[in-house]
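**Q** Next come the chains, spelled out residue by residue.
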Amino acid sequence: MSELLRLATAGSVDDGKSTLIGRLLFDSKAIFADQLEAVERTSRDRGDEYTNLALLTDGLRAEREQGITIDVAYRYFATPKRKFIIADTPGHIQYTRNMVTGASTADLALILIDARQGVLEQSRRHAFIASLLGIPHLVVCVNKMDLVRWSEDRFEEIREDFRAFAMKLEVHDVSFIPMSALLGDNVVDASQNMGWYDGRPLLHHLENVHIASDRNLIDARFPVQYVIRPQSGTDADLHDYRGYAGTVAGGVFKPGDEVAVLPSGFTSTISEIRAPGGAPVAEAFPPQAVTILLTDDIDVSRGDLICRPNNRPSVGQDIDALVCWFSERSTLTPGSRFLLRHTTRQVMAQVELLEYRLDVNTLHRDEGADRLDLNEIGRVRLRTQAPLMFDPYRRNRYTGSLILIDPTTNNTVAAGMITGGEQARVSSNVTWHTNAVDRATRSATGATLWFTGLSGSGKSTVAVEVERLLVESGRAAYLLDGDNLRHGLNADLGFGAADRAENVRRVGEVAKLFADAGLVSVVSLVSPYRADRNRVRSAHEAAGLRFVEIFVDTPLDICEARDPKGLYARARAGQITGFTGIDDPYEAPDIPDLVLRPGHGGPSAMAEMVVSLLGA
Amino acid sequence: MSVGYELSHLGTVEAEAVHIFREVAASFERPVLLFSGGKDSVVMLHVAVKAFWPGRLPFPVLHVDTGHNLPEVIEFRDRVVDRLGIRLVVASVQDDIDAGRVVEDTGPRASRNRLQTVTLLRSIREGGFDAVFGGARRDEEKARAKERVFSFRDEFGQWDPKNQRPELWNLYNGAHRRGEHIRVFPLSNWTELDIWQYIADEGIELPNLYFAHQREVFARDGMLLAVSPFVTVDAAEEVVTAMVRFRTIGDATCTGCVESVAADVEAVVAEVAGSRLTERGATRADDRISEAGMEDRKKEGYF
Numbered sequence: 001m002s003e004l005l006r007l008a009t010a011g012s013v014d015d016g017k018s019t020l021i022g023r024l025l026f027d028s029k030a031i032f033a034d035q036l037e038a039v040e041r042t043s044r045d046r047g048d049e050y051t052n053l054a055l056l057t058d059g060l061r062a063e064r065e066q067g068i069t070i071d072v073a074y075r076y077f078a079t080p081k082r083k084f085i086i087a088d089t090p091g092h093i094q095y096t097r098n099m100v101t102g103a104s105t106a107d108l109a110l111i112l113i114d115a116r117q118g119v120l121e122q123s124r125r126h127a128f129i130a131s132l133l134g135i136p137h138l139v140v141c142v143n144k145m146d147l148v149r150w151s152e153d154r155f156e157e158i159r160e161d162f163r164a165f166a167m168k169l170e171v172h173d174v175s176f177i178p179m180s181a182l183l184g185d186n187v188v189d190a191s192q193n194m195g196w197y198d199g200r201p202l203l204h205h206l207e208n209v210h211i212a213s214d215r216n217l218i219d220a221r222f223p224v225q226y227v228i229r230p231q232s233g234t235d236a237d238l239h240d241y242r243g244y245a246g247t248v249a250g251g252v253f254k255p256g257d258e259v260a261v262l263p264s265g266f267t268s269t270i271s272e273i274r275a276p277g278g279a280p281v282a283e284a285f286p287p288q289a290v291t292i293l294l295t296d297d298i299d300v301s302r303g304d305l306i307c308r309p310n311n312r313p314s315v316g317q318d319i320d321a322l323v324c325w326f327s328e329r330s331t332l333t334p335g336s337r338f339l340l341r342h343t344t345r346q347v348m349a350q351v352e353l354l355e356y357r358l359d360v361n362t363l364h365r366d367e368g369a370d371r372l373d374l375n376e377i378g379r380v381r382l383r384t385q386a387p388l389m390f391d392p393y394r395r396n397r398y399t400g401s402l403i404l405i406d407p408t409t410n411n412t413v414a415a416g417m418i419t420g421g422e423q424a425r426v427s428s429n430v431t432w433h434t435n436a437v438d439r440a441t442r443s444a445t446g447a448t449l450w451f452t453g454l455s456g457s458g459k460s461t462v463a464v465e466v467e468r469l470l471v472e473s474g475r476a477a478y479l480l481d482g483d484n485l486r487h488g489l490n491a492d493l494g495f496g497a498a499d500r501a502e503n504v505r506r507v508g509e510v511a512k513l514f515a516d517a518g519l520v521s522v523v524s525l526v527s528p529y530r531a532d533r534n535r536v537r538s539a540h541e542a543a544g545l546r547f548v549e550i551f552v553d554t555p556l557d558i559c560e561a562r563d564p565k566g567l568y569a570r571a572r573a574g575q576i577t578g579f580t581g582i583d584d585p586y587e588a589p590d591i592p593d594l595v596l597r598p599g600h601g602g603p604s605a606m607a608e609m610v611v612s613l614l615g616a
Numbered sequence: 617m618s619v620g621y622e623l624s625h626l627g628t629v630e631a632e633a634v635h636i637f638r639e640v641a642a643s644f645e646r647p648v649l650l651f652s653g654g655k656d657s658v659v660m661l662h663v664a665v666k667a668f669w670p671g672r673l674p675f676p677v678l679h680v681d682t683g684h685n686l687p688e689v690i691e692f693r694d695r696v697v698d699r700l701g702i703r704l705v706v707a708s709v710q711d712d713i714d715a716g717r718v719v720e721d722t723g724p725r726a727s728r729n730r731l732q733t734v735t736l737l738r739s740i741r742e743g744g745f746d747a748v749f750g751g752a753r754r755d756e757e758k759a760r761a762k763e764r765v766f767s768f769r770d771e772f773g774q775w776d777p778k779n780q781r782p783e784l785w786n787l788y789n790g791a792h793r794r795g796e797h798i799r800v801f802p803l804s805n806w807t808e809l810d811i812w813q814y815i816a817d818e819g820i821e822l823p824n825l826y827f828a829h830q831r832e833v834f835a836r837d838g839m840l841l842a843v844s845p846f847v848t849v850d851a852a853e854e855v856v857t858a859m860v861r862f863r864t865i866g867d868a869t870c871t872g873c874v875e876s877v878a879a880d881v882e883a884v885v886a887e888v889a890g891s892r893l894t895e896r897g898a899t900r901a902d903d904r905i906s907e908a909g910m911e912d913r914k915k916e917g918y919f
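Taken in order, these protein sequences are the chains called A and B.
Position 378 of the first sequence, counted from 1, bears residue number 378 in this note's numbering, the numbering being contiguous throughout.
Position 258 of the second sequence, counted from 1, bears residue number 874 in this note's numbering, the numbering being contiguous throughout.
Treat the hints with care, since some could be wrong.
Quick list of in silico lysine-lysine cross-link-like pairs, BS3-like style, CA-CA up to 30 Å [stated by the list, open to error]:
(1) B:K666 with A:K81
(2) A:K565 with A:K168
(3) B:K778 with A:K254
(4) B:K778 with B:K666
What follows is a set of in silico ranges between Cβ atoms, one per label pair, in the way DEER data are often shown [what the hints assert, rightly or not]:
(5) B:E882 with A:D161: 26 to 36 Å
(6) A:E352 with B:E645: 26 to 36 Å
(7) A:P80 with B:K915: 35 to 45 Å
(8) A:E121 with B:E688: 36 to 46 Å
(9) B:Q774 with A:D235: 51 to 61 Å
(10) B:R646 with A:T267: 34 to 44 Å
Bear in mind the hints are in silico, worked out from the structure with no lab data behind them.
The C-beta atom is built at its ideal place from N, Cα and C for all residues, glycine as well.
Bound-form chain A, shown alone:
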């Protein structure tokens, strides 16, 4: 059986998007003779000189009259290997909401670039929306290669240009295909004109791109959608039947699995899983729709979530999300109230805060923004009237997405991607287990040395030296480097204020655990905000652990002159935004335990100062 691949395209007729789709459908024989005839007839009536394949996808009268795509159109085609659903969306900025809609379920996005024009603002916007909506695969179609004499140099130039931009986005798989949709080169069949290209034609790529691992099969999540209770008077077996019907949103469920039901926190065991129609299911995984039965008679209803007891989503009423505003008749402002739909829950929600508005062309964050208008994207903090059970959107599209409905018009006015939230820190039914070994009986005394300062201030250099000195002296120490942690523990976080706060919180928690285990945690982290650092200090003090804050106070001009990673140059050039010291503030500690300034000597001398401060 073939798999299903959902793809989204964005662009206008000018980019050759419709020609490309028409070509894919036509060459894979998905256009029927009567559809083609209707298009040919209409093209003639309109006075077009060629068969306008855009007419195949532009289904509404207004679209045909104006010659533009307004809405998302869904097209279907199949090859012996796969079935495809194309969500064909308009490319202009005034239709950003339509692209967001089409992209929400896509596995792959096609970005069209006219080889003559190169990477335009529009191409960058499309790539950004694809990354915002978490589309795992991007295919950049460098089209109209015939008009640049099939030039490999031009193709490489565009590829480099796009790559430089894509580095700022969270897209993990980007492919580039040079093509001519009009002539058919590299669409279905390999081009005879570009011998230098050794990759696959587009259709071949679409048939083979690996999408199975895009789903989250780790975190078991089952939002209860409907409770099946036949309560049959005639069939005694069914009298006590209670089946929890829903669609698996993540992970794998099996009969015999111990599960927890949120928000109540009750635990039970799966007795059986049934497919629609009743066939027993050995393992249920996304996106299967199944019915789960539990061994215990506990209270479970629509809106609850079944998960594994040791892997729970966040549960909370304060939600951080990136939202795209869809309404031309109203705006999003702090204080506005909506109906919020998330998994199978619907609750009231209020916008507490608009953190910033994002310019979808430049990615610039406008923190002074006081509202979002049609098609604008921004980061908000929402307060819900009842808790949601959520994961970050990056981790799970289905437990991380939400829509907002205007209660006065009933219209869907926004889509949201959850980035995090102020979770109820202690989830329901999770209690702290006291270890059998207490701190006094551990052989070593731990502590946390926290280096804060601008990028390029020398924090890491000194921290590395401190770790070396401590280990040499026989003391267990471990360096927690901010950049390194962003590859793993904090790979899902960005550089906005809320993500930075979460970054600091996580590193602080890890440092605290290591310190509790008797290690010296050596933390090197820009950690620009005072409040975030103070929270870590309080957490340590509450746990009776020592916290040493070291401010590496190197002036900005020196840091910038060093610029070891080239980041200042890029920030000055506007290629990255929200960079500490340039367009994001650094808040120096009020009362640091130690301040290191360039005049205090080299890294070794500074390291010795830190170690002697730590003492035995």
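Following the hints, position chain B against chain A.
**A** Showing chain B alone in chain A's frame:
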């Protein structure tokens, strides 16, 4: 099926439809499912019944009867409803004609197709239905390609294609006021071939009109129409007996058949897979009215 945790293509679209049925049953007060005896509505009903197993279907089915159905269709409808033990509501176009709410076309080319809209909207109003399941698919027709899964209808039952609610992920917005309703299309992402493959896989029974049989037909507007009491054959039209089958089932005055020797499901799957005409293009006169024929009828409240 669970090897490598891959769901087949049909498994995926079936799961999506099941999700939609459960979502509606959980969040609407009075859903109803449109059932004509045509293959799409038969598949839709089959999936709906599976979604609530072992419980009963938690809503009735509604048939808008033009009075111009071939007898095989009515016989099949009654048998299915009987077997499943579900409640059938029949809304009759004849009632609206008799009550003077609509005026029937006259002449040899008269059709009751468009009158159905009035009967459908009346029965939705009278039944107080707030969600109406339809078997329409997006691959059928270009106006339908833009239709949402949850498609809002105002108090006059009208569709406004330019102001559709954005629909993202599997979060459907069914919010409505009293008197308004939502059309729900669980089979939106199925293609004609998917329908047939699913019928074959699940062993679903269909009216025998879908399989090749001998029938008296005549050619009109490039289609083959069945001879029946509901159509008048012009003097110039020649009646012949041919081996035919229907690709869609609707009002006998506007639903044509195609010459075919496909006598069982497997043969039909093979025929559909090789077809170069859409099912509506081949056999539906009602879509040929104009380039925007379907869009205009849908705005008025058609299926």
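**Q** Does each hint hold? Answer for all of them.
**A** Going through the hints against the structure:
1. Taken as a hint, the K666 of chain B and K81 of chain A pair is honoured in the structure, with Cα atoms around 28 Å apart against an allowance of 30 Å.
2. For a cut-off of 30 Å, the pair hint linking K565 of chain A to K168 of chain A stands: about 15 Å separates their Cα positions.
3. Note on K778 of chain B and K254 of chain A: the hinted pairing is violated, with a Cα-Cα distance of about 45 Å set against a maximum of 30 Å.
4. Under the criterion of a C-alpha separation no larger than 30 Å, the hint pairing K778 of chain B with K666 of chain B is inconsistent with the structure, at around 35 Å.
5. Checked against the hint of 26 to 36 Å, the pair E882 of chain B and D161 of chain A fails, with Cβ atoms roughly 53 Å apart.
6. In this structure, E352 of chain A and E645 of chain B meet the distance hint of 26 to 36 Å, their C-beta atoms being roughly 33 Å apart.
7. For P80 of chain A and K915 of chain B, the Cβ-Cβ distance of about 39 Å falls inside the hinted range of 35 to 45 Å, so the restraint holds.
8. Distance hint check for E121 of chain A and E688 of chain B: the Cβ-Cβ separation is about 60 Å, which falls outside the suggested range of 36 to 46 Å.
9. At roughly 44 Å, the beta carbons of Q774 of chain B and D235 of chain A sit outside the given window of 51 to 61 Å.
10. Taken as a hint, the range 34 to 44 Å holds for the pair R646 of chain B and T267 of chain A, whose Cβ atoms sit roughly 37 Å apart.
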